[in-house]
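Protein chains in written order, with UniProt numbering: chain A, 1 to 218; chain B, 1 to 380.
Keep in mind that a hint or two might mislead.
Straight-line C-alpha distance at most 20 Å; calculated SDA-like pairs for lysine to any residue [stated by the list, open to error]:
#1 B/Lys29 - B/Met1
#2 B/Lys108 - A/Gly127
#3 B/Lys108 - A/Arg41
To be clear, the hints were calculated from the coordinates, so they are not data collected in a lab. Note that the structure is a prediction, hence the values are computed from the model and not measured.
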Amino acid sequence: MTWVNDHWGDIFTLARSHVWLAGIPLVLGLLIALPLGWAARRWSRLYPVLISASGLLYTIPSLALFVLMPIILGTKVLDPVNVVVAMTVYTVALLVRTVADGLSSVPDHVLQAARAMGYRGFRRFFGVELPLAVPVIAAGLRVAAVSNVSIVSVASLIGVAQLGNLLTDGYDRFITAEIVAGIVACVVLALVFDGLILLGQRLLTPWLRVRGAAGARS
Amino acid sequence: MIRFDGVTKQYPGGTVAVDDLTFTAPTGKITVLVGPSGCGKTTSLRMINRMIEPTKGTISLDGQDTSRMNEADLRRGIGYVIQHAGLFPHRTVLDNVGTVPRLLGWDKKKIAERSRELLSRVGLAPELADRYPSQLSGGQQQRVGVARALAADPPVMLMDEPFSAVDPVVREQLQDAFLELQGELGKTIVFVTHDIDEAIKLGDQVAVLRVGGILAQISDPAYLLAHPVDDFVADFVGKDRGYRSLQFQPTPRLPLASERTVVVGETVDGIGAPWVLVVDDQHRPLGWVEPSRLSGAVAPEDLHRGGTVARASGSLRGALDAALSSPSRRGVIVDDSGELVGTVRAHQVLELIESADRPDEDLADSFAEAGSDGRREDSS
């Protein structure tokens, strides 16, 4: 514990960059996955293609992707942008399917009604389809958040600092307390992300929390 | 007025859903499309607001070809009610009702006012306004569906089996409320159902479709029951069509007998008749009792409630049913305020039926003109 007490400042600094490196890709990934998921749902032939392609992306080892980024993007080797872009790729890979499935979870009679009322295009998507897909998308986002927090720690190996540094440094210098602190900090961070998404979902879906909502629907 | 002119819908696989359909849905009237599943009734309905595009033929709205109109504008001018109401689960009742006015860009205050007015119009309590659809019963959801369709006051309403997902008692209430509302609003309505009883109850005009989307017959309900054009229509309108057609025959003056009554709470001791009618203090009938089995005051639980009650201004069907269902064989007849006016026996009703004419060509409703061949009619 003395190690932790002596290094609160370092832990906070690393945690902060960990939040950015895992969080920004989460937001960017969602923004990219929304149109892709919509397209996968809109054109049924595109669905298997997009789902397999995104599944394939997720199987690329993270270290390989981190190393490849400077070559693809032309960035500097130590640039944190490499990590952000790589993490965004993973997030998209996880969320395309989630978004497509979330949009298909919207009941058909509701979509029919929306069409019949004269809803079209963007207004139908943002006014009817997206709000009703929120529960499914939020569930996928929670998985992606936890996955991001965990994968980002690998970035220590390419020299981008975050909580993963506690693990590599602790391992190199045989400081068990540092390793434990790194693990605990990652878990806490994952829980915070998870809690925030859950909170956001509850705020966005007030209709799911009303009294007597279950079963009354015919 | 909605006019179908040689409308055909053929799907890419070759299936013909609707075949050369020609008919007119007159302004301010309810036209019911009825038929077994696969008869293309829903497809026909959806072609009106272009949720489905016809392969051939034209559909016009007050003389204007709908295929030349902007799709969204067309739809915003047509109210649409579907089976499970299709309410937006994420919007409150009030916001659901205000959907089309919002799309049309009305002022917020006006939308809220209009939505509240419509809720009361369809018989929903104001406190339901802020609930979500999942908090309502099936019948209430359906009423919200109707209110939503009416929100922008469209002249035309399309209704796709709107009452078939609720239980029979609620369905009847919804049908009655719907007819009452239509009496005030006079919309041009096309209504789809697979239930011939519903078609006959609601339709000013009933179009029977057969599988493959072929119009078998179109006429007013009384004529349809009396003169089905072929075996298919005869089968479809049902075996007890003779009895059901009585509901379109207004009751002539019934030969009413005055009935000995006791007010509930009084004694029946000393009354020799086998059955005595019990009424409340406003002379409204409550039920029958057998004096021989009772002593002392008549309590509500002593009443035999099996008999139906018919209104003197109602149909012959109601009068006959009252007589047939009464344990005393005397059918109870009331006036419009529910007060007892007398009783009638089944054979007396039958005599009236026999002396009345069956509905024939001359009585066929005015807007089914030229509809007697079941296929075509000229627009008026």
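Structure-based check of all given hints:
A threshold of 20 Å between alpha carbons decides the hint, and for B/Lys29 with B/Met1 the separation of about 9 Å falls inside it, so the pair holds. A threshold of 20 Å between alpha carbons decides the hint, and for B/Lys108 with A/Gly127 the separation of about 17 Å falls inside it, so the pair holds. Taking the CA atoms of B/Lys108 and A/Arg41, the gap is about 33 Å. The hint is violated against a cut of 20 Å.
Of the hints listed earlier, the one the structure fails to meet is number 3.
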